[in-house]
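K.L.:
Protein chains in written order, with our numbering: chain A, 1 to 403; chain B, 1 to 442.
Just so you know, these hints were derived from the structure itself, not from any lab. A quick note: this is a predicted structure, and the numbers were derived from the prediction, not measured. Treat the hints with caution; some may be incorrect.
Said to hold, decoys possible - Straight-line distance between alpha carbons at most 35 Å, and here's what the computed DSBU-like set of lysine-lysine pairs gives:
#, chain 1, residue 1, chain 2, residue 2
1, B, K239, B, K181
2, A, K255, A, K174
3, B, K281, B, K270
4, B, K312, B, K270
5, B, K239, A, K255
6, A, K170, A, K184
7, B, K52, B, K239
8, B, K181, A, K255
9, A, K184, B, K239
10, B, K282, B, K267
11, B, K312, B, K52
12, B, K312, A, K47
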Amino acid sequence: MEFGPIFRSLLRNRARVILIVAEVALTLAIVANCLSLILDTRAQLAKPSGFDDEHIVAIQSNPFDDHLRDPQVLRQLVEQDRRTLRAVPGVRAASHTSLHPWQTFGQITAIRVPGTRGEPVRTQRAEADPGLFETLGVPIAQGRGFTEAEYEHGASAPLSEVQPVVVSRKLAEKMYPGVSPLGKPLADADESQRFQIVGIVDRFYNPFGETSEEAMFLPSRSASFDGGSYYLVRTEGNPAPLVPQLEKALLGVEKGRFLRSRTMVENRDEFHGRDRMLVASLNGVMALLVLVTALGIVGLTSFSVAERQRQIGTRRALGADRLAIVRHFLLENWMVTSFGVLLGALLAYGFNFGLVTWVAGARLSPGVVAVGALALWWIGLGAALGPALRGSRVAPAIATRNV
Amino acid sequence: MLLYNLRLAWKSVRRYPVLSALILLGIALGVGVSTTFITAYHVLARDPVPGKSDSLYYVRMNSWGAPDSPFRQDPPPLITWRDAQELLKSRVAARSTATFASLATVFPQDGARPFRQGIRLVTADFFPMFATPFRYGGPWSREADGRPEPVAVISSALNDRLFGGANSVGRTIRLENHELKIVGVLGPWRPRVRAYGLIGDPLGAPEPVFLPLNLAAPFEMQPSEMQMNWRTPLPGEEKLPYASQLMVGESLFLGFWVELPNPEAVKAYKSYLDAYVAEQKKLGRFPHPANNRVTSMLDLMAELRVVPPQTKALAAISLLFLVVAALNLIGLFLGKFLARASNVGVRRALGASRLTIFVQHLVECELMGLAGGVLGVLFSLAGLALLNRVYGDGPEGVAFFQLDVPMILAAVALSLLAGAIAGLYPAWRICAIPPARHLKSQ
Numbered sequence: 001m002e003f004g005p006i007f008r009s010l011l012r013n014r015a016r017v018i019l020i021v022a023e024v025a026l027t028l029a030i031v032a033n034c035l036s037l038i039l040d041t042r043a044q045l046a047k048p049s050g051f052d053d054e055h056i057v058a059i060q061s062n063p064f065d066d067h068l069r070d071p072q073v074l075r076q077l078v079e080q081d082r083r084t085l086r087a088v089p090g091v092r093a094a095s096h097t098s099l100h101p102w103q104t105f106g107q108i109t110a111i112r113v114p115g116t117r118g119e120p121v122r123t124q125r126a127e128a129d130p131g132l133f134e135t136l137g138v139p140i141a142q143g144r145g146f147t148e149a150e151y152e153h154g155a156s157a158p159l160s161e162v163q164p165v166v167v168s169r170k171l172a173e174k175m176y177p178g179v180s181p182l183g184k185p186l187a188d189a190d191e192s193q194r195f196q197i198v199g200i201v202d203r204f205y206n207p208f209g210e211t212s213e214e215a216m217f218l219p220s221r222s223a224s225f226d227g228g229s230y231y232l233v234r235t236e237g238n239p240a241p242l243v244p245q246l247e248k249a250l251l252g253v254e255k256g257r258f259l260r261s262r263t264m265v266e267n268r269d270e271f272h273g274r275d276r277m278l279v280a281s282l283n284g285v286m287a288l289l290v291l292v293t294a295l296g297i298v299g300l301t302s303f304s305v306a307e308r309q310r311q312i313g314t315r316r317a318l319g320a321d322r323l324a325i326v327r328h329f330l331l332e333n334w335m336v337t338s339f340g341v342l343l344g345a346l347l348a349y350g351f352n353f354g355l356v357t358w359v360a361g362a363r364l365s366p367g368v369v370a371v372g373a374l375a376l377w378w379i380g381l382g383a384a385l386g387p388a389l390r391g392s393r394v395a396p397a398i399a400t401r402n403v
Numbered sequence: 001m002l003l004y005n006l007r008l009a010w011k012s013v014r015r016y017p018v019l020s021a022l023i024l025l026g027i028a029l030g031v032g033v034s035t036t037f038i039t040a041y042h043v044l045a046r047d048p049v050p051g052k053s054d055s056l057y058y059v060r061m062n063s064w065g066a067p068d069s070p071f072r073q074d075p076p077p078l079i080t081w082r083d084a085q086e087l088l089k090s091r092v093a094a095r096s097t098a099t100f101a102s103l104a105t106v107f108p109q110d111g112a113r114p115f116r117q118g119i120r121l122v123t124a125d126f127f128p129m130f131a132t133p134f135r136y137g138g139p140w141s142r143e144a145d146g147r148p149e150p151v152a153v154i155s156s157a158l159n160d161r162l163f164g165g166a167n168s169v170g171r172t173i174r175l176e177n178h179e180l181k182i183v184g185v186l187g188p189w190r191p192r193v194r195a196y197g198l199i200g201d202p203l204g205a206p207e208p209v210f211l212p213l214n215l216a217a218p219f220e221m222q223p224s225e226m227q228m229n230w231r232t233p234l235p236g237e238e239k240l241p242y243a244s245q246l247m248v249g250e251s252l253f254l255g256f257w258v259e260l261p262n263p264e265a266v267k268a269y270k271s272y273l274d275a276y277v278a279e280q281k282k283l284g285r286f287p288h289p290a291n292n293r294v295t296s297m298l299d300l301m302a303e304l305r306v307v308p309p310q311t312k313a314l315a316a317i318s319l320l321f322l323v324v325a326a327l328n329l330i331g332l333f334l335g336k337f338l339a340r341a342s343n344v345g346v347r348r349a350l351g352a353s354r355l356t357i358f359v360q361h362l363v364e365c366e367l368m369g370l371a372g373g374v375l376g377v378l379f380s381l382a383g384l385a386l387l388n389r390v391y392g393d394g395p396e397g398v399a400f401f402q403l404d405v406p407m408i409l410a411a412v413a414l415s416l417l418a419g420a421i422a423g424l425y426p427a428w429r430i431c432a433i434p435p436a437r438h439l440k441s442q
């Protein structure tokens, strides 16, 4: 193949070569870093809660009517609500809880194994009724859940009493590594309150306040006039169409309150909002960037073809076939793109270093650079193909006409 | 001369419509993408209280009393009710305010269905400190803080909803079971970064109701944002309402801001704070090493990463995008100009100087730059509309990210600059061509 002549002709068109090389190099560097950021972010986005997110709706109820200031009335209201929600057709399970999945809202507490010193372990803590685990779709893997009696008693239990708790597997392993955690005691950091592990759930992921997989559930009713009460409802099908019915049923029980319903998917999407925006933005920027670069290559190759009409004509007149002309331009383009890709790979690591040091993100993996490089090679060839084909159609007569 | 050059440029655009469209699209995409993401960065990173943020400082101290403290490096981000009350008594700072957010039900007078609103508890100094605009009335007095008087400042949106936008100063608003006298109505106010509430939801809209901090005790208002407790309620405290438990206990739920006009004042306040903490240590509080911080607002914003690193990364990436677009432009201009080198040869032979040719082509580049810039601004409006779908429109009906006039001017200037930089080399190349070579081949 004509590497020698092509290389020498490139040397005569330095401006064009430098432009394409710079463009390809910058594009590769940017695309590789965008890809790396996207992969990093998507890994976060893809992490499942372990709950049946698609079939859960969360309802916050906030009383405003004065007669609900009476704790007894409020307590009865919660019990009525629980029964009412479960009775709505299409509802699989309902729970009254203080766990707010995907809402960066909740309670974090520090616990320890009683009698030990040292750093307490931070964990999410939530109050739950016996129906929570069925509602979330996380079965008790070991031990048992709560009984109605425990739930009923929990809210008024004195601090001195040992409370039964269900913990996530992650927390159990942290507190009692290597031994069966069932029946083992736990305590607050200052040991003012004691707990006993009665059950374990395997799956739990709810990122909130630097903890995401550690959780401890207590049987208790967490309703107050100021804080309201929070219900999770698991439905048979898509929960969104059921929301009006659920709200109507609750308002039928008591009108003197506000309801705010959100599906868990809505909450999750909102939780991921910025990351999703980042991924979408990066995708958009990458697509536009590649488009701009491809346009640039098309443009520059077109001119190099237009400029060399007579040379092409001469070559054709001297016996080169069309394929040879196409091959010439594609090869030329491939050589230039390759320079760009090589330079771009180096530049990508440079950018990545800057990004990781001053802004954010993960280290660039060679695979990502390789994917970007391959893509750019093909895009470069694709962009050059059109102008090269046009060049091949130059008639040999051109060579004679103009001299 | 300029007009003539513009006419030539227009002719050249008409002669190569596809190529000109590509050039235009290239500039517009570069400007559009970079304007979008730089605006996103700019909206979050710009000074949230212009002219005042230099003198606003956030106060932190390590009052955590449990033996195990999660606050080894940085002190807790909030302070306790009792410390806030003590600091408020001091006049070492020109102005000071303690603040937390709450929620309460507003009962409209016409018997319409009540609604829940965010409440912000502050002291009178808050309003001048954070330069809140007033439409009617003004802040309450410091005396009203002390007693405390049942007064309120409400947002213009709430005023529209309750009073149809009329001057409601002197009228009352019912919050839960309390009647409050309205002393001020804010003007439209939607800082993108809620500077006074950086801990919590820094990008949220300001709460529609502002109340004197000291009403929190009689009204038993409990914080709706972060609260941290290390102490279990003492015997007897358990029976208190939750809000009172937080206040008598060691719960951390208040932010504390002071206005310190100069470095001496900062120094004076720091030593006051050190003395206060030393005194508290004598009383048996603050068991951990003293860790007092008086942090300027902008430093605190950086520390809390109010501008997400992703936004910074996108702004940086979009600038590089502009560079690629400019490189692309050089190539396209170069090709376009060289393609009509023979015309230039004729003009040169007829007596046009190199400078004339150079200027002619630069004018064409700038024309494309300007047109591309305008199109780019339109693109960025579309881009920002997409971003706003994620950040959401505020309750005041304003889009979160908006192009302001300086950003639009910057975008157009950027595109002119891109046009000039990208046009320089091609224009120089074309005017440097010896006319004879091209005349020969005609």
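K.L.:
When the structure is checked against the list of hints, which entries are broken? Sort them ascending.
P.N.:
The structure conflicts with hints 2, 7, although it agrees with all the remaining ones.
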